[in-house]
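Make the full structure from the sequences, and use the hints.
As you go down the protein sequences, you meet chains A, B and C in turn.
Just so you know, we're using numbering that gives the first Met the number 0 here: the first sequence kicks off at 0 and counts up by one.
Just so you know, we're using numbering that gives the first Met the number 0 here: the second sequence kicks off at 0 and counts up by one.
Just so you know, we're using numbering that gives the first Met the number 0 here: the third sequence kicks off at 0 and counts up by one.
Treat the hints as calculated values from the structure; they're not laboratory data.
Heads up, a few of these hints could be off.
Derived Cβ-Cβ restraints for the label pairs, each shown as a range [claimed, not checked]:
id: 1; chain 1: A; residue 1: Asp51; chain 2: B; residue 2: Ile150; range: 24 to 32 Å
id: 2; chain 1: B; residue 1: His156; chain 2: C; residue 2: Ser67; range: 38 to 46 Å
id: 3; chain 1: C; residue 1: Ala292; chain 2: B; residue 2: Leu300; range: 18 to 26 Å
id: 4; chain 1: C; residue 1: Gln301; chain 2: B; residue 2: Arg136; range: 37 to 45 Å
id: 5; chain 1: B; residue 1: Leu216; chain 2: C; residue 2: Arg396; range: 23 to 31 Å
id: 6; chain 1: B; residue 1: Ala122; chain 2: C; residue 2: Arg317; range: 28 to 36 Å
id: 7; chain 1: C; residue 1: Thr64; chain 2: B; residue 2: Glu215; range: 20 to 28 Å
id: 8; chain 1: B; residue 1: Ile150; chain 2: C; residue 2: Ala136; range: 36 to 44 Å
id: 9; chain 1: B; residue 1: Ala313; chain 2: A; residue 2: Ile323; range: 51 to 59 Å
id: 10; chain 1: C; residue 1: Ala292; chain 2: A; residue 2: Arg165; range: 52 to 60 Å
id: 11; chain 1: A; residue 1: Arg165; chain 2: C; residue 2: Leu103; range: 20 to 28 Å
id: 12; chain 1: C; residue 1: Phe121; chain 2: B; residue 2: Pro25; range: 23 to 31 Å
id: 13; chain 1: B; residue 1: Asp115; chain 2: A; residue 2: Pro337; range: 57 to 65 Å
id: 14; chain 1: B; residue 1: Glu215; chain 2: C; residue 2: Ala250; range: 44 to 52 Å
Cβ coordinates follow ideal geometry from the N, Cα and C atoms, glycine included.
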Amino acid sequence: MFKMNVVRTLFALGLMIGCAQGAQASLLDQVQKRGFLICGSNPGVPGFGLPDDKGGWTGFDVDFCRAVAAAIFNDPTKVKFIALSAKDRFTALQSGEVDLLSRNTTWTLSRETGQGFLFAGISYYDGQGFLVRKKLNLSSALELSGASICVQQGTTTELNLADFFRGNNMKYEPVNFANAEEAVRAYEGGRCDAYTTDASGLYVERQRLTDPEDSVVLPEIISKEPLGPAVRQGDDEWFNLVKWTLYALVNAEELGVNAKNVDEKAKSDRPEVRRLLGFEGNFGEGLGLGADWAYRIVKHVGNYGEIFDRNLGEGSPLKIKRGINALWTKGGLQYAPPIR
Amino acid sequence: MAGSTRGGPGANALYVLQGNIPPRAPPLRRRRLIDLLAGNLFDGWRASLLTIATLLLIALVAPPLLRFLVFDAVWSAPDGAACRAPGAGACWAFIWRKLPYFTYGSYPLDQRWRVDVTLAMGAVLIVWLLWLNAPRRNLAALLFFGAYPIIAFLLLHGAPFIGLPRVASDLWGGIFVSLLVATVGMVVSLPFGVLLALGRRSSLPALSLACAGFIELVRGVPIITVLFMANTMLPLFVPENLAPDRLLRPLIGVALFASAYMAEVVRGGLQAIPNGQFEGALALGLGRWQMQRLVILPQALRAVIPGVVNNFIALFKDTTLVAVVGIFDFLRTVDSARLDPVWAGPTIAATGYAFAAMFYFVFCFAMSRYSLFVERRFSHGR
Amino acid sequence: MTAGSDGLSPFKAMKLRRHPALEFWYDAKARAILLQSAFVVAFVALAIFAFIDVRANMEARGIATDLSFLGKVAGFDINQSLIPYSAASTYGRAFVVGLLNTLLVAAVSLALATVLGFIVGFARLSKNWIVGQTAMAYVEAIRNVPLLLQLLFWYNAVLKPLPSPKQSLPLPFGMFLNNRGLFAPAPVFEAGAVWLVAALCVSLLAAVAMRLTPKRIKFATPSRAFFSGVAAALLLVLPLAAFVGAGTPVAFVQPELKGFNFVGGVRLLPEFVALVLGLSLYTAAFIAEIVRAGVEAVPRGQREAAAAIGLDRADADRLVIAPQAMRLIVPLLTSQYLNLIKNSSLAVFIGYPDLVQVFAGTVLNQTGAAVQVIFITMAVYLAISLVASLAMNLYGRRFALVER
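Structural data, given as structure tokens:
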């Protein structure tokens, strides 16, 4: 009886506090009061998100969180990363456990209409492919009829896989795993003939196989996977902040502003650069931040191109080409609305 | 007297023995091997057949097992290459290399002494509690259930005001997390289990219904779903900035689960108490709570010690399931270490599981022996 | 008795001086009613409050709070299904597929665990030293190691390293074993198979009827062995006759290696095999202990008495010991069966598509309906538990003491 009462009282109190707080404080205020950002990230994809032994995080998605922290606190280290599996990520964001989900998550309609999220933009254009053993001598994914395919559970990958085989009238056996690592090991151990995930992930995982030369990535890309950071619905200020952090990164690259030359560029006469770095107009105010918000981002984290190169591109062991992730001026799809 | 004087059927009836039964051979003294063989293992063709079949079974299982675990095992190696050699057995070098990870998870290297101290304190208190003849066991109970959780929390989680840096719980892992989950389950489930059991037996129908409902609800579902619920729904029910830590959630789930099972064990003990005890206590003028505290619970709890220990064994085995919500308990660390490409090989999984099995076996077997010992010890007085 | 002539202790006397308006508080009955009403009101109010609040919170964040997702197209595939299912089916159907897979693995494991458990239990009781010790070693080794560890062992350490389909291990009866599972020939029923099914039904009914024949009639006939013989003949001869008579109407389709995998025949997923192995070996150890304890709990005098009235060992076991032991065994067996059903949820760790893996895993993730999915999952297990314990209670009544 005692236990029940105490639990319930706490429960009720908690609920009331919750209502009261939910009505008042915006997420940005909460984050500022807390002193650090809580970011949901991927615990196991090198290049996108990977914690080391000591809990330090690196990766493309991780650096995006650091950019948001830099904009808010002028300090990219004020982020607490929470490792989320594909299964856990949505409930973690729904429940408010994380302020921001930056974990190679695909932007889909139902995730915005049914699950209560908003995607702040597309940080990485990806597509789904297949990894198969070289000795099978396959040249196309269309030859996979009857195969067993390892896939991570609870992802759009799982759905695209079903679509692809249904659309091409082929049969297959899906073998589901709760995390990517298990799925890859199962593929390596021979439980499956192919492993499927986003193309970027395939290159990463192939590098990590005991013998990378044994496997090849098939040429087909079977889906569109626009990956981006997601936030909860209901707080437009926060949504804008995250969205414009992404656009600031892309704009900075377009304008040639990077971490090394940002102080030099501050003296520039170009109005776009002056607006970006906060010398003309106070665009940070509308986001609830200071005028130098974008300056802070570029200064601490660099621009989009730098983040890409450092984690995925030439400056990383993965050596992924920019491809469609190049700026629109260079034949890619990365395009940011102007800051003005 | 003549046989007919007994009355009833005569001595020539079919079922009356004619003559004496021949005396049986004296019971075997099964001290010598030869007696054992002749009188037990090969006593008649059926026994012989059974013995031979069992021996065959042993011969089939034991030698490959021994070869894998001992004779063909790789005892030291810098990486997995030696273990991948054809015909190699268990890769103990892998266990040896990964032992710190299995024990502490990713707990920072220079802070691991804190885990050691916590575990040592826990071990001392538990031995003190379990040793039936130890002096001042009340004090031990007080320390274990009262002071120890607080000290352990401060040590493990950190307390900047006494100079211990915080260690985020997502770095915790390994054996120490398994023991932590089990200990929390035990420490919480005992008092709550007693309260729930008393509540269920209460004469207030609403209270007893609520307690019974809770107990049966929790016992009717798999622990995995309780853990899922704790993991995904607790944060939805509490305000955002109070969302419990990712390790705290499964701890709450395990505590709820263990309490419900404990309540049923305690209720069994309460039911075994004769009515006279209640009546006697009332006749002495004891109040309801005095009666429970001084008369009923001491008897009931003593009677259920074996049941409680068996519950602990089950709880300890169930701690492996917290992995489903992403906690790196001991088994999960073993299971993830086997995926390390440096070591990955055909024998690594079996080696890791063999090591984990030995660990769990030692703990659970020791607990079950202890339970038997206590049972016997208390039955002496009866 | 110092205070007052009414013989009350000072304590009691003091208690009597109480405020008249609070009189009801000292009436145990009134107090109980009051406390309970307060408790119920508080409980219900809180439940409603929590429900409304959480719902409002979820709706404010745009999270679906109803069950309409069950009717939407699932879009993912499941690799084992007892009913027709494709990616175009609904989430509701995916739920049924998961539930049936849970029931399937539970039913198979339950049968195997019971058989093995009774065998080991009897072995444990055996007077043969080596048999008894071996059985004990099995029980202790299995009981003291977590089930999850055993499942992972069977799946990752035994089944995964099996050869690929091209190098499958051939087994007797045209079966194959490889890292994609166990493949066996599948029976295909032709037109005449109706007769076979009919014959099977008739002989089963007849056997059941004989089992239910009152003992009085049975014992009037020459011997029990005669009866068992007739039953066995019924069960064997009649279907066999029908089989031959209808022109062997059952053919077997052999599994064949085509492309990546075996095609045709019956296939058991490695995940299924691992789960059945793990669950049945684990539960059998517990059942063995229950059987041993149940038999040992029958007083020695019962066996002696049975011997005294001229029953041989087998008859004593069957007619005297078994019914008494079963009375103890059945309730404990029930709880083991329930444990097995609940433990089948560990499927999620090795990727067998059971209720938890399919519904509380994939469906939850694809729809985001966490609260609804988890409540439904728990309710289903609760319902299964209730039905199973009800069934076992009915079965247990057969062994209940008939008090006269």
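C-beta pair C:Gln301, B:Arg136: status relative to the range 37 to 45 Å that was hinted: holds (42 Å)
Cβ separation of B:Leu216 and C:Arg396, checked against the hinted range 23 to 31 Å: holds (26 Å)
Assessment of proposed distance window 57 to 65 Å (beta carbons of B:Asp115, A:Pro337): holds (58 Å)
Satisfaction of the hinted span 24 to 32 Å by the C-beta atoms belonging to A:Asp51 and B:Ile150: About 31 Å separates the Cβ atoms of A:Asp51 and B:Ile150, which means 24 to 32 Å holds.
A:Arg165 versus C:Leu103 beta-carbon gap, inside 20 to 28 Å or not: Holds, at about 25 Å.
Range agreement (Cβ of B:Pro25 with Cβ of C:Phe121, hint 23 to 31 Å): Given about 29 Å between the Cβ atoms, the range holds.
Pairwise beta carbon distance, C:Ala292 to B:Leu300, judged against the given window 18 to 26 Å: holds (23 Å)
Pairwise beta carbon distance, B:Ala122 to C:Arg317, judged against the given window 28 to 36 Å: Violated, since B:Ala122 and C:Arg317 (Cβ atoms, about 51 Å apart) do not stay within the stated range.
Cβ distance range 36 to 44 Å for B:Ile150 and C:Ala136, holds or violated: Since the Cβ atoms of B:Ile150 and C:Ala136 sit about 41 Å apart, the hinted range of 36 to 44 Å holds.
C:Ser67 and B:His156 - C-beta distance against the hinted 38 to 46 Å: holds (43 Å)
Range hint compliance [Cβ, C:Ala292 to A:Arg165, 52 to 60 Å]: At 54 Å between Cβs, range holds.
Outcome of range test on Cβ distance (B:Ala313, A:Ile323; 51 to 59 Å): This hint holds: roughly 54 Å between Cβ atoms.
When each numbered hint is compared with the structure, a violation occurs for hint 6 only.
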